[in-house]
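Residue numbers (full-length UniProt numbering), protein chains in the order written: chain Y, 1 to 517; chain V, 1 to 325.
Worth double-checking, as some hints may not be accurate.
As the list claims (entries may be wrong) - Sample of chain Y residues lacking proximity to chain V, with all beta carbon distances greater than 12 Å (derived):
(1) E148
(2) G172
(3) G285
(4) E303
(5) H337
Stated by the list, open to error - Covered stretches of chain Y, as calculated for chain V (at least 3 residues, CB under 8 Å):
(6) 31 to 45
(7) 189 to 199
(8) 231 to 245
(9) 431 to 439
(10) 471 to 484
To be verified - Cβ-Cβ distance ranges computed for the label pairs, FRET-style:
(11) Y:R255 / V:L103: 35 to 43 Å
(12) Y:R255 / V:G175: 49 to 57 Å
(13) Y:E431 / V:G75: 50 to 58 Å
(14) V:G175 / Y:D138: 39 to 47 Å
(15) Y:D260 / V:G175: 17 to 25 Å
(16) Y:T428 / V:L28: 37 to 45 Å
Since the hints were derived computationally from the structure, they do not count as laboratory data.
Here the structure is a predicted model, which means the values were calculated and not measured.
Using N, Cα and C, we set each Cβ at its ideal position, and we do this for glycine too.
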Amino acid sequence: MKTPLALAIAAAALTVSAVHADEPRHGGTINTIIQPEPPGLVLGMIQNAPTRTVAGNIYEGLLRYTTDLEPMPQLATDWEVSEDGRTWTFHLRDDVTWHDGEPFTADDVVFSADVFHRELNPSARAVLQHIDSIEAIDDYTVEFTLDEPFGPFLISFEAGTFTMIPKHLYEGTDFRDNEHNNHPIGTGPFKFENWDRGTVIQLVRNDDYYEDDLPYLDGINWHIIPDGASRAVAYENGTVDVLPYGTVENFDIPRLSELDNTCMTEAGHEYFSPFAMLWMNNREGPTADKRFRQAVMYAMDREFARDVLWNGLGNVPLGAFGSNARFQNPDLDPYDHDPERARELLDEMGYDGEEVRLLPLPYGETWTRWAEAVQQNLREVGIEVRTEATDVGGWNQRLGDWDYDLAFTYLFQYGDPALGISRTYLSTNIERGSPWNNVEGYENERVDELFNEAATAFPDEEREALYHEVQEILQEDVPVGWLLELGFPTLYRCDVQDLVTSGVGVNDGFKDTWLDR
Amino acid sequence: MLYLRLITMRLLKAVVVLFMIIIFNFVLIQLAPGDPAAILAGEAGATDEEFLRQLRERFGLDQPMYVQLWRYVSGIAMLDFGFSYRQGVPVLDLILARLPATLLLTGTAFVLSLALGIVAGSLAAARVKKPSGSIIMTLALLFYATPLFWVALMSVVLFSVYLDLLPAYGMYTVGAGHTGLALVLDVGKHLILPATTLALFFMAIYTRMTRASMLEASQQDFVKTARAKGLKNSVIQRRHILRNALLPIITLAGLQAGQMVGGAILTETVFAWPGIGRLMFEALQQRDYNLLLGIFFFSAALVIVFNIITDLVYGLADPRIKEGS
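Chain V extracted, bound-state conformation:
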């Protein structure tokens, strides 16, 4: 019961926060120089006033700002995110069409980085004074310090150009007409490079964090007790140390999960992955405000959702937190 009320409260707060974010984004975007109609006309090399006037009227840009804001907010209340200025397609359609690709990429990277990071971190913690532990930590530092786009470009050069093992870009082989299992395998092959690129950075962070908090936990009295009880080392590592070391990792995982919609701009661009990040970047350059606001809304909503989920997971990992709330 208490739990349910907690979630209801959080959701109510979330709606208020989301509303404030919408207003804030709307105002922020008005401050950027450049007007969408002028950019569209510019792309077309159009010189006449009539063209600009038509576009402004069509987008409602000839209205005062408060009217535009009111139209936008009341639209969102009915889940109408308006039309993309540039593509003339409903914003919701564009976002929903791109969302699966992005979630596939960021989701894979999320699972990959979390799983590998925790495993590598635990190994490094268990082998703290051994060379194998140092190697893991050196690699983690390397991945942590290398810029994403560089890793992306170099992996393309190595795996696609020189070794010709993996496709360099895109989500599937154009014109191959794969269906069913063949399509799944094809997409999987295209997914390897971008997902790994995206995963490396967070994997490095998880590794470092897991190792640090496991080393800290292993100094605790209950670990000594467990050892005195005569438990096997592997059990101590897993049940006693790792579980206690998980909380900061969950916090971080919550942050990473919140970035799943908009956090892959660079990777999506280099690998021509047809996702939301690219859509957002292009919308920004083209001052496609409706589309941009729509994407902002979705990413904000996702951050809020994952914050709530993170809080719930805390309770699972450490029951004391649930009782305390």
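Looking at chain Y on its own, in the form it has when it is part of the complex:
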């Protein structure tokens, strides 16, 4: 069942495309919100969500991606791959300058990827370990040579992963103490202007931007407002025009979306496609028994959670691979809401009513309520649950120490199973101290083999077969609970045009945005 709100989004999408007949116009500064305040703005050095959202307008990558995650030219105009899938050649634009006026060349690409990101950036390192060498053939040609074909290679050039960093400002310095960190220099459509900590981050139009006519806006003001209710007021009284993901509580969204001249979109998250999961401790306690984990899947009413808590936005996943990940196996047996089946499984394993501890995600009201809903579902089938609330620090520590039975989390899928999905299930990824690896402690040799082979198989048909097999095993073993592919709404005034234009649109969309007023 989809709620009226989800229908309203579909309708709004239609209306927006109808209005597009108008020619884009220059001018105007847009006011929006960033929450929480980012720690810094040097993308690649810092990877958290608010940094990506602001700095995605200052910095760029070689490529952009459509909302279907197909590559589009950005700093690279075109690219080709050798027949064995090991050598990739990128041709760069020759008319790009950094915000300080220096030209952007192939040397910057080599420095960024091979030096800067290798030292600082964990998400780039995941790709770099498959890369043998990076060379500048001439000023505007770069060649990447891989050890063996790597499936997700081409999807890794988004601005937040392989950010282009100016070599002339960073080479030979201590990157984290570089004086330019306070005044980031990129190639993007907007330049850094001012950051009044606790109040506002201001970007202004890059008048020398290499794409004709772009950007249309004169600037962007990111207001920093720590309280959720105050953020809603800022939209209501007209101070801000765009409410990006996560800026207002979900229960406020139906009310705000009914205000005059208000549109909403779910687009712009396809690359990250946040996937909510329930960690289940595979090591000890009732959760160590696969039948218990299956019972949890049958017991949860995931559609209820989506419709009531998430306003009908998002997608109940079939299994471990979400709809925005490639190579989803559509033939898996779904885990429908079936309390009877859950009780049977619990009887079969002889569950004795041992209490399990559930950790909600300390990210606000929606997550707290979701934990309550799951607790209720599990009690209905006879599972005793105690909820243990923590703050972010405590939650990190509890998961890093594996001190939990059930715990909520969500992870980005990054467009390819080898980047965003395998990390949760590979036994080589079991390590204490981080809440983002194989926290559940699942170990299965065959699964390891399949994931590793699939990452470097070539071409895609081979990858698909391997991934389909691994999904069947995971569907049976249920290492973690698959809750929801989250749909994050962006609310905005309807006269803000072309707000989301790519698969990471919440981070790089203002480039194409214009105001129809």
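We have chain Y already, so just place chain V on it with the hints.
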């Protein structure tokens, strides 16, 4: 001379107390679950060990605790409060950048609550059996009993959303580019709601306290003497009753003044006021220990300073205290 020695003694004691507070805070913070490197890595969704190792090494968290403590204390001795883990900026810079905003807010609220509280309390005491006195006391009770954040939210709804008279949040109008007098007026406009919100609670306390101690003082023999002398009632109220009733108010004002740095977390959060309270709350959530310890240090220092000032003011209000010491 005696006075000077008194102050010197107090300052020496203050240094010892401050040192103990630093040690105590440092130990206390180590007891909180969660490690700053893990939280930073968590925010970034970073999975690899290398990232955590780099961060721990950079923050010195890989050292034993006594080494960390020694580094911290010896740093403070040279007024070096270290770097904020999360923002990578010197702690002192962060605090000094936020301090003016907080002092403007809490200072305004302090003056506002003290002045209005004493006036309202005196009026209530003078009209003790009249309806106007009861109205003042009912209002005071209402302000005293209502939670701050609720007052804050409701005043935003009323004055910003419905009436559209005052800005809902922030310290100045972003993008307006005001300078000079226009900027002062703009900040003043933004200051009204948060300062009033913050002032209401203490104003209520001052009102109640002023009234109670004035009523008590008015029963004293010297007041009867003054009346018998034929002094005007207003003079008796001001010079004889109010002055004698001031001591408990000064005590309370000293307490409120001590909270000026860290006491406005809720107000600063709801009104997006870029002050220290918010900085402290965020630092706590992010386990940004250096920053948190720095803010603790400043608030502790301020409490001590205001304690000394309070003692001095006692002497001004009631010369007998000065002589007694």
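Right, here's what the structure says about each hint:
Remark: the non-interface label on Y:E148 is consistent with the geometry, its nearest Cβ contact in chain V lying 21 Å away (cut-off 12 Å). In this structure Y:G172 is separated from chain V by more than 12 Å, as the shortest Cβ-Cβ distance comes to about 19 Å. For Y:G285, the requirement that its beta carbon stay farther than 12 Å from each beta carbon of chain V is met, with the minimum near 21 Å. At roughly 27 Å, the least C-beta separation between Y:E303 and chain V is larger than 12 Å, which holds for a residue marked as non-interface.
In this structure Y:H337 is separated from chain V by more than 12 Å, as the shortest Cβ-Cβ distance comes to about 30 Å. Using a Cβ-Cβ cut-off of 8 Å, 5 residues of the region 31 to 45 of chain Y lie near chain V, which meets the minimum of three, so the contact claim holds. Evaluation of the coverage hint for the region 189 to 199 of chain Y: fulfilled, as 4 residues show C-beta separations to chain V shorter than 8 Å, against a requirement of three. Check on the region 231 to 245 of chain Y: 5 of its residues sit with their Cβ under 8 Å from a Cβ of chain V, so the three-residue criterion for coverage holds.
With 6 residues having a beta carbon nearer than 8 Å to a beta carbon of chain V, the region 431 to 439 of chain Y meets the requirement of three or more and the stated coverage holds. Residue count for the region 471 to 484 of chain Y with a Cβ under 8 Å from a Cβ of chain V: 0. That is fewer than the three needed, and the coverage hint is violated. The hinted window of 35 to 43 Å between Y:R255 and V:L103 holds, with their beta carbons roughly 37 Å apart. Here the CB-CB span from Y:R255 to V:G175 is close to 27 Å, at odds with the stated 49 to 57 Å.
For Y:E431 paired with V:G75, a C-beta distance near 33 Å fails the hint of 50 to 58 Å. Hint check: V:G175 to Y:D138, Cβ distance near 44 Å, so the stated range 39 to 47 Å holds. At roughly 23 Å, the beta-carbon separation of Y:D260 and V:G175 lies within the given 17 to 25 Å, and the hint holds. Taken as a hint, the range 37 to 45 Å holds for the pair Y:T428 and V:L28, whose Cβ atoms sit roughly 39 Å apart.
The structure fails to meet hints 10, 12, 13 from the earlier list, while all remaining hints are met.
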